[in-house]
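**Student:** Next come the chains, spelled out residue by residue.
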Amino acid sequence: MKKAATSILSGIGAMSLALLILSCVRTNQERLTLELLPVGNSPLIGFRILLEFGSSHDPPGQEGIGALMLSLLAGGGTRDMSYRQIMEAFYPMAAAVRIQMDKEMAAFTGTIHIDNLEAFYAIFKDMLLNPGFRAEDYARLKADQLNFLQKNLVGNMDEQLGKEILNLMMYEGQPYGHNENGTVESVRGITLEDVKDYYRRRFLQGNLTLGLVGGYPADFPRRMEEDFSVLPEGHTPTVTLPAQRRPQGLEFVIAEKQTPATAISMGFPVSLTRADDDFFALWIAVSHFGEHRQSLSHLFQKIREERGQNYGDYAYIEHFIQGRGKFPDTNYGRQHQYFSIWIRPLANTNRHFVLRLALRELRRLVEEGIPEDRFRLTQQYLLNSTRLYAQTLQERLGWKMDSRYYGNDDFLAEAQKRLARVSHLQVNAAIRKYLDFENVYIAVITQDAHAFKDALVANTPSPITYANPDMPSAILDEDLIIQSFPLDVTPDKVRIAAAAHFFQRTGVPDE
Amino acid sequence: MRKVPLFWPALSLLVCLPLKLPGAEIFPFDYRIEQLENGLKIISIPLDNPHIISYYTIIRSGSRNEVDPGKSGFAHFFEHIIFKGTKAVPRDAYDAYLTRLGAGTNGYTTDDYTCYYTVFAGRENLEEVVRTEADRFIHLYYDEEMLKTEAPVIEGEYYASLSNPGRRIYELLRDTAFEKHPYKHSTLGYLRDIKDMPNQFAYSRLFKSRFYAPDNTILMVVGDFDHADLMDLVRRHYGGWERSGYTLSTPVEPPQVLAKRAHYEWPTDTLPRLAIGFHGPAYSDTMTDKAALDLLAEIFFSRRAPLYQKLVIEEQKCASFYAAFADHRDPFLLIFTAVVKDNDDMGYVEEQIFDEIERTKNELVLESVLALVKSNIKYAFAEALGTTDGVAGSLALFVSLAEDPGTINRLFDLYERVTPEIMQETAKKYFQRTNSTVATLARGEFR
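Residue numbers (the working numbering), protein chains in the order written: chain X, 1 to 511; chain H, 1001 to 1447.
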């Protein structure tokens, strides 16, 4: 899947030639890859260094080391400049270097005005090639990473916590099974020497794709390639993933904390990615069912619009990180993807009802498929909305890089053709093939967890309460069905742990 | 403006705008301002940038307009209700139209305005967008039941933000610092008022008639369209919208005469936070006070500032630290925020910030440092103007404040005119201890 090299072009010399080539890669996995997207008279230049390793490459016991290394490169000094000096140099250019880390990919990005290209690049390059690895930077960034795990994630961001716990459940004991930032125990054990060593093992030419977009000078890619050629040749093998583990029935993990609102994330692994033919059909199905932050979402209609229960309800067929304008962000490519449903926080009193509603709708989706008119509408929506995905320089380059990762020539262009060719029958076939309502991992952040568990196991009816005393009768009639909709929950499939105990060490904590 | 380049990737609509370099006018695009007889203002910015059009409706209604007791949150409430549709185009039909268009659409509410935007591809769709958008603002229809269903959604939005300590301390600071002005509450409003919304159908109608009117609205269109065609459509579809004639009387905030302090007890383990606010001036592109404080905040409290370096990088007492002085139509707060790593250091960090604030009054800033800051804000703004929607999105705030994109160039001219002496005088004027409010947030009681 990775590095599906298309054209060979090493040692770009002639300026005119370089301008005509939109992208060039080497076939040699041991050496650098270039991804170029010149935009003639743009005064901006975007750098995007794609790293083809991620948190799943963290050695066991050192979970989080990749993220710590990246933050040390981007948020620490170089051999020649302290981090303070870097910030002072970047400031008048309004320059910033950003990092992102996922399971199998990471990226360094920065966008700069052409006035400042040389001054910026001299530092940017050194951040990656000649890192300072100072003890004081290391101490600061390690403390930040621990604070994120111990304080922020479990205490200040319940929606994110739900998604992270779902991840722990789906991939327990697997390379994807820890948060990108590791665990409190593993991060505490990492030393600066470990990080330096990890940098040496991972900063190999074959792990880097040098991305450039915008109005860069014609000879710039060649210079950049030369500079980065000081890295040793070689690459880190793609991580070998075990078979995806499907849930056995409805499997719950409840993170308990004092909170007036319940957050729910649920899902299961799916055996397809953008590289598969069925992707486009299932994309239409799940866009209909839960398009991210759009009223198109069927779940949004049932839970928010009809019943006013929360701010939104969505579903996804791949790991989703929101970028600009609510569209998917790039460079989170994965070999294994998952289907998920995100129920945003709602009053604790209605948690059981809304969970029943969501699972009932999932069952209806699987058993009945989607209606013809909804199929047509969603198809048209995706054909139009995907035309808005890539607008900024960084987005355009990011989509191009993801296209290569999944083996598409140009994924967004391909989507225009392939979404249009998908039939209603194919969509409903894909739903039956990939989706399931009986076997689902369910992560819940709520209070009174034991009472909730008891109600789940006993299938206690859960009537909903409304602020509006005059709800339409059609909805009230449907509510009567939903409030007793049976969920097959056994006590051994409901694990409860205090929210504060998560991320102390790998896996789901014991009660 | 030059023509766009010929290097298209597969999707030809993707293009970066040619920008003028900083040093020339910071907002380099031609624009026109027109006004209909009913008071509706139209700001039109055609760009040589194929396909994409950003269509912004800016209602000058935010928390600033929520002057009636017990009625906080109504500006934001309308951001929800406006998507309910009209009799001609009910919600389902509206959703279907947006879905067909594949448009990026949303709304957001600030202290001063509510912004609704639709970003779509294809000038052939402009007529339908003008017609549909005009209809939903002029003929918005909702009944009491719809209000009662939507109000709890806002409660849900409040819950979604509840686990965010940054949001809580911001609300506490405003609530403590302001006495009379409606900036006292955030755009979401007080939870007690949100819970009462289902009972406020009549008030919601009053709010709508006051502010959802052409004389309180600015239409801004940016991107691939013809100005004359746009104006024909706008006259046809918005011409019959009746003006409100309502004059908002916002209470004037009395000068603060005593330093204030408040604390929020966080229920779980968290990094403690500190926010310090000083009452400052309103946005202006003619008076230097606001511009001088903007520059001061950058010089003394941004990432390159000595205090940031000390607290975050060297001593590592703070996880983050920044100053922000958001532009507002009425006088707002210049806010210093620190996320501290240890409860025991809260007092120390507060003292350090106040010491630094004193320094702004006693030391003249070097011209060379001032030049760095001016460079930073220019390049940061230039990057934001890189796409059609970047232009529209960056402009919305300024258009809401001054009803004219030209204000941006006037503001940057003003920055150029601010000298170290002006900055020092301005610091002395506003940085009085009695004009300050300190809010803290930590687990359990504190001090």
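Everything labelled a hint here was simulated from the structure, so no lab data went into it.
It is possible that part of the hints are untrue.
Said to hold, decoys possible - Calculated cross-link-like contacts (lysine to aspartate or glutamate; reagent style DMTMM-like; alpha-carbon spacing at most 25 Å):
no., chain 1, residue 1, chain 2, residue 2
1, X, Lys163, H, Glu1157
2, H, Lys1195, X, Asp479
3, H, Lys1429, H, Asp1330
Said to hold, decoys possible - Now the in silico label distances, taken between C-beta atoms and shown as ranges:
no., chain 1, residue 1, chain 2, residue 2, range
4, H, Lys1195, X, Leu425, 26 to 34 Å
5, H, Tyr1246, X, Gln322, 52 to 60 Å
6, X, Glu118, H, Arg1410, 54 to 62 Å
7, X, Lys433, H, Asn1343, 38 to 46 Å
8, H, Gln1035, X, Ala429, 50 to 58 Å
9, X, Ala275, H, Arg1417, 54 to 62 Å
Built from N, CA and C at the ideal position, the CB exists for glycine as well.
**Student:** It remains to establish, for every hint, whether it holds in the given structure.
**Tutor:** Each hint tested on the structure:
no.: 1; hint: X:Lys163 / H:Glu1157; in the structure: holds (18 Å)
no.: 2; hint: H:Lys1195 / X:Asp479; in the structure: holds (23 Å)
no.: 3; hint: H:Lys1429 / H:Asp1330; in the structure: holds (17 Å)
no.: 4; hint: H:Lys1195 / X:Leu425: 26 to 34 Å; in the structure: violated (48 Å)
no.: 5; hint: H:Tyr1246 / X:Gln322: 52 to 60 Å; in the structure: violated (38 Å)
no.: 6; hint: X:Glu118 / H:Arg1410: 54 to 62 Å; in the structure: violated (33 Å)
no.: 7; hint: X:Lys433 / H:Asn1343: 38 to 46 Å; in the structure: violated (54 Å)
no.: 8; hint: H:Gln1035 / X:Ala429: 50 to 58 Å; in the structure: holds (56 Å)
no.: 9; hint: X:Ala275 / H:Arg1417: 54 to 62 Å; in the structure: holds (58 Å)
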